[in-house]
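> If you want the building blocks of each chain, they are given just below.
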Amino acid sequence: DAKTTQPNSMESNEEEPVHLPCNHSTISGTDYIHWYRQLPSQGPEYVIHGLTSNVNNRMASLAIAEDRKSSTLILHRATLRDAAVYYCILRDARYNNNDMRFGAGTRLTVKP
Amino acid sequence: GAGVSQTPSNKVTEKGKYVELRCDPISGHTALYWYRQSLGQGPEFLIYFQGTGAADDSGLPNDRFFAVRPEGSVSTLKIQRTERGDSAVYLCASSQRGGNEAFFGQGTRLTVV
Numbered sequence: 001d002a003k004t005t006q007p008n009s010m011e012s013n014e015e016e017p018v019h020l021p022c023n024h025s026t027i028s029g030t031d032y033i034h035w036y037r038q039l040p041s042q043g044p045e046y047v048i049h050g051l052t053s054n055v056n057n058r059m060a061s062l063a064i065a066e067d068r069k070s071s072t073l074i075l076h077r078a079t080l081r082d083a084a085v086y087y088c089i090l091r092d093a094r095y096n097n098n099d100m101r102f103g104a105g106t107r108l109t110v111k112p
Numbered sequence: 001g002a003g004v005s006q007t008p009s010n011k012v013t014e015k016g017k018y019v020e021l022r023c024d025p026i027s028g029h030t031a032l033y034w035y036r037q038s039l040g041q042g043p044e045f046l047i048y049f050q051g052t053g054a055a056d057d058s059g060l061p062n063d064r065f066f067a068v069r070p071e072g073s074v075s076t077l078k079i080q081r082t083e084r085g086d087s088a089v090y091l092c093a094s095s096q097r098g099g100n101e102a103f104f105g106q107g108t109r110l111t112v113v
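Those protein sequence lines, which keep their order, are chains Z and C. Each step along the first sequence adds one to the number in this note's numbering, with nothing skipped, and position 80 is 80. Each step along the second sequence adds one to the number in this note's numbering, with nothing skipped, and position 49 is 49.
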């Protein structure tokens, strides 16, 4: 899997939008961009994924740069429950499942 | 159960002992992953199964670690001659064949004293 780079930590105020960046300058044309988050004392949970177009779901939005070398996970209104470590992962779309390799992620703190 | 189940939730063992950690994936999920996570770090990939076979075991740190999935469902991670450095949370995840979303269990916290 290609490497991703994320800031170690970010802070947000409650009910404000949060933009979590991820750089993946060596992404290949067949790599999907996946985001997971890990709440305290829990296993990671899937958030969203995309290939080229921006994606929205009930949890978040994913904005993908035109050159695909970076992406941004957007939480539209942060809540205290969104405090977690957020991981950006690349997965090769050529394979039916393949391993997922996590980096250190971004620790998001949400202030009331 | 509806989710990925890992047992035991906590395991304390003495240095040099053998331990087995169990993962019950979501029914019908063909892909199964094992990770270990140390405090303050992201999950470290260990091994990935597709069905009964290990598709990628390149993350296993040494030959003390071994995992099996004999019937393509339940998986057991086996650690021989445990060392204090093996202390971590061991996470299991499963997903459908071709599925994009992996579902994680709560993990097994292994402490080697």
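Wrong hints could be hidden among the right ones.
Unchecked claim - Cβ-to-Cβ under 8 Å is the rule here; a few derived chain C residues that face chain Z: (1) N10; (2) Y33; (3) S38; (4) G42; (5) F65; (6) V68; (7) P70; (8) E71; (9) A102; (10) F104.
Said to hold, decoys possible - Reference listing, derived: stretches of chain C covered by chain Z, where coverage requires no fewer than 3 residues with Cβ under 8 Å from a Cβ of chain Z: (11) 74-87; (12) 105-112.
Stated by the list, open to error - Cβ-Cβ distance ranges computed for the label pairs, FRET-style: (13) Z:T79 - C:S5: 45 to 51 Å; (14) C:E101 - Z:R77: 21 to 27 Å; (15) C:D63 - Z:T109: 36 to 42 Å; (16) Z:I74 - C:G3: 41 to 47 Å; (17) Z:I74 - C:T13: 42 to 48 Å; (18) C:R81 - Z:R81: 39 to 45 Å.
To be clear, the hints were calculated from the coordinates, so they are not data collected in a lab. Glycine included, every Cβ here is placed at the ideal spot set by N, Cα and C.
> Please go over all the hints and tell whether each is borne out by the structure.
Hint-by-hint comparison with the structure:
1. Against a cut-off of 8 Å between C-beta atoms, the interface hint on N10 (chain C) is violated, since the closest Cβ of chain Z lies about 12 Å away.
2. Checking Y33 (chain C) against chain Z: minimum C-beta separation of about 7 Å stays under 8 Å; hint holds.
3. Interface restraint check for S38 (chain C): the shortest CB-CB distance to chain Z comes to about 11 Å, outside 8 Å, so the restraint is violated.
4. Among the interface hints, the one on G42 (chain C) holds; its C-beta lies about 4 Å from the nearest C-beta in chain Z, closer than the 8 Å criterion.
5. Given the 8 Å rule on beta carbons, the hint for F65 (chain C) is violated: about 16 Å separates it from the nearest Cβ of chain Z.
6. Because the closest C-beta pair between V68 (chain C) and chain Z is about 18 Å apart, greater than 8 Å, the hint is violated.
7. Residue-level restraint check for P70 (chain C) is violated (minimum Cβ-Cβ distance to chain Z is 19 Å; threshold 8 Å).
8. A cut of 8 Å between beta carbons decides the hint on E71 (chain C): the least distance to chain Z is about 18 Å, and the hint is violated.
9. Interface restraint check for A102 (chain C): the shortest CB-CB distance to chain Z comes to about 6 Å, inside 8 Å, so the restraint holds.
10. The closest approach between the C-beta of F104 (chain C) and any C-beta of chain Z is roughly 3 Å, which is under the 8 Å cut-off, so the hint is satisfied.
11. Judged by the Cβ-Cβ criterion of 8 Å, the segment 74-87 of chain C is not covered by chain Z as claimed, because only 0 of its residues qualify and three are needed.
12. Remark: the segment 105-112 of chain C is confirmed as covered by chain Z, as 3 of its residues place a Cβ nearer than 8 Å to a Cβ of that chain, reaching the required three.
13. A beta carbon spacing of about 28 Å between T79 (chain Z) and S5 (chain C) contradicts the range 45 to 51 Å that was offered as a hint.
14. Taking the beta carbon of each, E101 (chain C) and R77 (chain Z) are about 23 Å apart, inside 21 to 27 Å as hinted.
15. With their beta carbons about 41 Å apart, D63 (chain C) and T109 (chain Z) fall inside the hinted range of 36 to 42 Å.
16. Roughly 27 Å separates the CB atoms of I74 (chain Z) and G3 (chain C), a value that falls outside the hinted 41 to 47 Å.
17. Restraint check, I74 (chain Z) to T13 (chain C): a C-beta distance of roughly 44 Å satisfies the suggested window 42 to 48 Å.
18. Between R81 (chain C) and R81 (chain Z), the C-beta spacing of about 41 Å keeps the proposed range 39 to 45 Å intact.
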